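*Asks:* Each chain, written out:
Number of protein chains: 2
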Amino acid sequence: MSKNKGNEKRVESIADMNVDFAQWYTDVVRKAEMAEYSKTGGCIIFRPYGFAIWELIRKHLDEKLAATGHENLYMPMLIPEHMLQMEKDHIEGFAPEVAWVTHGGTEELTERFCIRPTSEVLFCAHYADTVQSYRDLPKLYNQWCNVMRWEKTTRPFLRTREFLWQEGHTAHATAEESLAEALLILDIYSNLTEDKLAIPVIKGQKTEREKFAGALATYTFESLMHDGKALQTGTTHDFGDKFAKVFGIQYLDKNNQLQYAHQSSWGISTRMIGAIIMVHGDNNGLVLPPAIAPIQVVIIPVAAHKPGVIEKAEELQARLKDFRVKVDKSDHSPGWKFAEYEMKGVPIRLEIGPRDIESNQCILARRDTGEKITVSLDNLEEEVAKLLDSIRDNMYEKAAKRLQENTYQAQSMDELKNILDTTPGFVKAMWCGADACEEKIKNEATATSRCMPFEQEQVGKKCFVCGESADKMVIWGRAY
Amino acid sequence: MSKNKGNEKRVESIADMNVDFAQWYTDVVRKAEMAEYSKTGGCIIFRPYGFAIWELIRKHLDEKLAATGHENLYMPMLIPEHMLQMEKDHIEGFAPEVAWVTHGGTEELTERFCIRPTSEVLFCAHYADTVQSYRDLPKLYNQWCNVMRWEKTTRPFLRTREFLWQEGHTAHATAEESLAEALLILDIYSNLTEDKLAIPVIKGQKTEREKFAGALATYTFESLMHDGKALQTGTTHDFGDKFAKVFGIQYLDKNNQLQYAHQSSWGISTRMIGAIIMVHGDNNGLVLPPAIAPIQVVIIPVAAHKPGVIEKAEELQARLKDFRVKVDKSDHSPGWKFAEYEMKGVPIRLEIGPRDIESNQCILARRDTGEKITVSLDNLEEEVAKLLDSIRDNMYEKAAKRLQENTYQAQSMDELKNILDTTPGFVKAMWCGADACEEKIKNEATATSRCMPFEQEQVGKKCFVCGESADKMVIWGRAY
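In order, the protein sequence lines correspond to chains A and B.
The opening position of the first sequence corresponds to residue 488 in my numbering, with each subsequent residue numbered one higher.
The opening position of the second sequence corresponds to residue 488 in my numbering, with each subsequent residue numbered one higher.
Take these hints with a grain of salt, some might be off.
Copies of the same chain are indistinguishable here, so a pair counts whether it falls within one copy or spans any two.
[To be verified] As a list, the in silico EDC-like pairs of lysine to aspartate or glutamate whose alpha-carbon atoms are at most 20 Å apart: (1) K915 <-> D901; (2) K546 <-> E558; (3) K716 <-> D908; (4) K546 <-> D809; (5) K904 <-> E892; (6) K808 <-> E838; (7) K683 <-> E884; (8) K526 <-> E568; (9) K683 <-> E944.
Everything labelled a hint here was simulated from the structure, so no lab data went into it.
Here the structure is a predicted model, which means the values were calculated and not measured.
With the hints as constraints, model all of the structure from the sequences given.
*Replies:* This is how it looks when you write it as structure tokens:
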């Protein structure tokens with residue numbers, strides 16, 4: 488061990504997040520080995536450490552979806568061109584950014600296929616085939632898959648041509664049910680985000696301008712990144728019977744009357760990983776909420792060459808079997824290892840050396856605060872469990888405090904611009920509901936409406952753009 | 488209930504498997520609601536019941552791969568054309584059957600991308616970037632994903648343009664290690680197939696002609712379908728340093744010498760589901776091995792309108808929480824339900840009615856044999872566990888007996904042809920090793936070498952084609 492100590496380089500430093508947030512983000516993504524650029528332009532390699540986070544998010548959400556009666560299935564990745572064109576708003580929304588398959592082997596195809604940017608039309612066609620009676624409803628289907636949107640500018644996790652997501656598509660008997668589904672899923676998403684990712688969110692409805700192509704209403708939960716920009720991490724849509732009328736999804740009700748089905752769709756994607764980085768990360772790298780940390784506890788043997796140290800480290804790992812634990816037995820120096828697992832955001836570092844073993848104790852260092860505590864080995868399992876809970880709570884509270892401190896009110900366009908230029912964050916302001924005002928905000932302040940929060944406040948009486956009377960409080964911001 | 492009894496149609500009948508096996512197969516796939524044809528030619532919709540089987544296979548295999556140190560990640564689905572062309576044999580094997588993306592949005596691309604038919608080249612490029620030192624090895628990476636091969640004729644699960652699979656790609660320091668990996672994974676695959684899917688397999692090596700494009704050696708496990716045809720359900724490949732030399736995957740060994748890495752790759756796909764259908768199915772539909780049955784026990788309340796019956800059914804479901812249990816409370820008749828869950832291959836049907844409740848018992852009907860037993864409710868959990876084990880064992884033994892009974896020996900081409908034309912199955916015959924003989928067999932008997940089994944037998948001394956001396960016993964057959 489000591490042989491390496493002198494000449495071994497510590498983990499390379501990363502950009503200062505307060506100086507160059509974008510560079511800091513890229514540095515963390517790459518140095519923590521979450522993702523790497525690929526030879527396929529605009530697409531990333533989800534490296535094992537980054538992908539494991541996605542697998543944990545998937546596991547948590549999948550359990551919730553199963554518990555609420557949803558079923559997973561899998562639809563083709565290619566959509567025939569004529570199908571994408573069936574719903575007018577939908578094709579207008581997606582056609583400019585899809586990838587087209589024109590050849591199979593050496594032959595040119597008679598009809599092009601696009602790689603799914605989203606799968607509404609495929610689910611609709613399937614429902615039209617399989618829904619006949621009220622007994623066939625509701626259909627609560629979900630798929631975990633890859634999708635593709637031919638973006639011009641990309642950034643790992645936040646915007647890539649190919650990304651991973653789940654897309655739920657449901658069909659119901661009534662308008663009330665499809666609306667209830669869109670709201671139920673919004674709750675499942677936001678609970679997951681707050682509980683497992685320790686990220687506070689604001690729930691609300693999108694404006695007409697920002698809603699999903701083809702939807703009746705879009706619901707969203709928005710969160711605030713460390714640099715004061717907003718990130719929309721997931722949305723749910725109520726389609727009413729709009730798609731059902733286009734695709735002919737009809738069922739016989741209990742009175743033998745033909746009715747149109749009502750639908751919802753909803754998705755969260757690997758963007759979530761970007762949110763985790765940008766909400767919790769610091770100048771030492773990633774900070775992971777315990778529920779989705781691929782390694783929750785890393786055990787670092789100190790003076791590992793001394794007899795009994797490695798054995799003790801393995802014994803502790805075995806005792807901590809209810810957690811995701813790694814013992815780093817490599818021949819890197821302890822200093823290198825400390826920096827490495829800080830960069831990777833591992834919630835707890837457990838240090839164990841000969842003197843600790845002698846006194847039947849070990850050191851637990853928490854990643855979120857840097858605090859170190861010495862605990863008796865007798866009740867290690869409980870101490871670790873308690874500490875992980877405390878880390879999650881502290882991370883959430885810290886993020887909630889930042890959200891509160893960076894949420895402002897504006898009464899005029901100048902005020903809005905001034906806030907966003909100097910102390911970026913969320914800005915609450917009253918809006919009359921006119922698209923012209925929303926467009927003006929976009930053009931003059933390069934800000935968008937994030938949502939009309941469910942929890943409304945009266946922060947004024949007039950639209951801050953046109954001065955007409957206004958009863959909608961909207962949250963505005965600059966977004967990823 | 489009784490109101491519906493008269494006019495309700497039972498599950499529609501399916502083709503007789505002994506008369507028209509292909510039609511029987513399609514009928515089972517569709518009537519058991521495993522898959523449906525899609526509007527995307529050559530691609531299927533994996534319906535929830537079929538997809539749940541895949542999810543269970545994935546869960547079992549993923550646990551084994553994690554336990555042996557493998558990590559999941561995710562690579563882009565598109566491969567730039569120039570990369571696919573880097574390894575000569577590889578491009579020759581795949582170019583005729585890939586789908587090409589030529590346009591992104593409205594713009595024609597300067598370089599085409601193919602949708603991955605397999606991802607060797609992407610993993611190789613990533614290894615070339617990330618492997619520098621012996622410390623970086625081995626890399627034991629795996630991904631679960633969709634792939635696409637532009638097939639002319641397709642059949643649900645067995646051959647579709649898009650299918651789901653896992654592809655493992657590993658890099659090792661030495662030739663011994665990459666070979667050992669290919670053989671380790673072959674064991675993991677075949678144990679999974681025998682243990683969880685109750686399908687007996689024969690393990691061996693592929694001939695030069697049948698090996699994977701670009702591999703040094705391909706290993707396979709083959710199984711026999713109900714109609715006497717072979718199905719290759721998974722393969723593992725040892726690449727040696729062939730790809731490493733093309734892609735420049737080199738590392739510094741402990742003596743500071745530059746060495747080429749050695750690689751393996753391996754995959755199983757949704758074809759597995761086709762094997763389950765064709766090995767275990769019968770004229771009443773699907774028969775599922777318990778380990779991958781989405782529903783292991785279906786509880787059918789008899790005289791469900793009588794007080795206490797539904798409640799009792801739900802109570803039993805709660806008690807059987809260690810199993811995947813469904814209570815069918817729908818207003819279909821018991822007769823409809825019996826046929827429905829037989830078609831879906833549910834291992835155990837549990838019938839519970841007022842008289843059963845009175846005598847503290849229920850009826851368990853096993854799908855594999857049709858046998859019904861009456862058991863006391865006192866030890867229901869143990870009875871169900873025992874019965875599921877017994878069903879798996881019986882299914883395996885039945886399939887093993889059929890495999891044995893349909894494995895023949897041939898000393899001449901005429902004998903081979905005669906066997907395959909009259910009593911199809913596996914045919915053991917000695918082969919000299921010449922590709923010309925293998926080609927002759929393909930042309931004259933429309934049969935292929937399935938594998939050179941690891942367990943060799945001396946079934947003759949001369950090649951059954953050319954009469955030259957032969958020391959390889961090969962299994963021949965007609966395959967899906």
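*Asks:* Between copies, within a copy, both or neither: which fits K683 and E884 at Cα up to 20 Å?
*Replies:* For K683 and E884, the Cα distance is within 20 Å only inside one copy (13 Å; across copies 46 Å).
*Asks:* How do K526 and E568 come out at 20 Å by Cα distance, when the copy is not named: within, between, both, or neither?
*Replies:* between (28 Å within a copy, 11 Å between copies)
*Asks:* Quick one: K716 to D908, C-alpha cut-off 20 Å, is that within a copy, between copies, both, or neither?
*Replies:* Within one copy, since 11 Å is at most 20 Å while 71 Å is not.
*Asks:* Classify it for me, K808 with E838: is the Cα-Cα distance of at most 20 Å met within a copy, between copies, both or neither?
*Replies:* Within one copy only: 17 Å inside, 40 Å across.
*Asks:* When no copy is named, should K904 and E892 be tagged within, between, both, or neither for a Cα gap of at most 20 Å?
*Replies:* So K904 and E892 pass the 20 Å test inside one copy only (18 Å; across, 82 Å).
*Asks:* Using 20 Å as the alpha-carbon threshold, which applies to K683 and E944: within, between, both, or neither?
*Replies:* Neither way: K683 and E944 sit 28 Å apart in one copy and 58 Å across, limit 20 Å.
*Asks:* How would you classify K546 and D809 at a CA-CA limit of 20 Å: within, between, both, or neither?
*Replies:* both (16 Å within a copy, 19 Å between copies)
*Asks:* As a check of your reading, is K915 near D901 (CA-CA no more than 20 Å) within one copy, between copies, both or neither?
*Replies:* Within one copy only: 14 Å inside a chain, 85 Å across chains, cut-off 20 Å.
*Asks:* When no copy is named, should K546 and E558 be tagged within, between, both, or neither for a Cα gap of at most 20 Å?
*Replies:* both (14 Å within a copy, 16 Å between copies)
Violated hint for the displayed structure: number 9, the only one.
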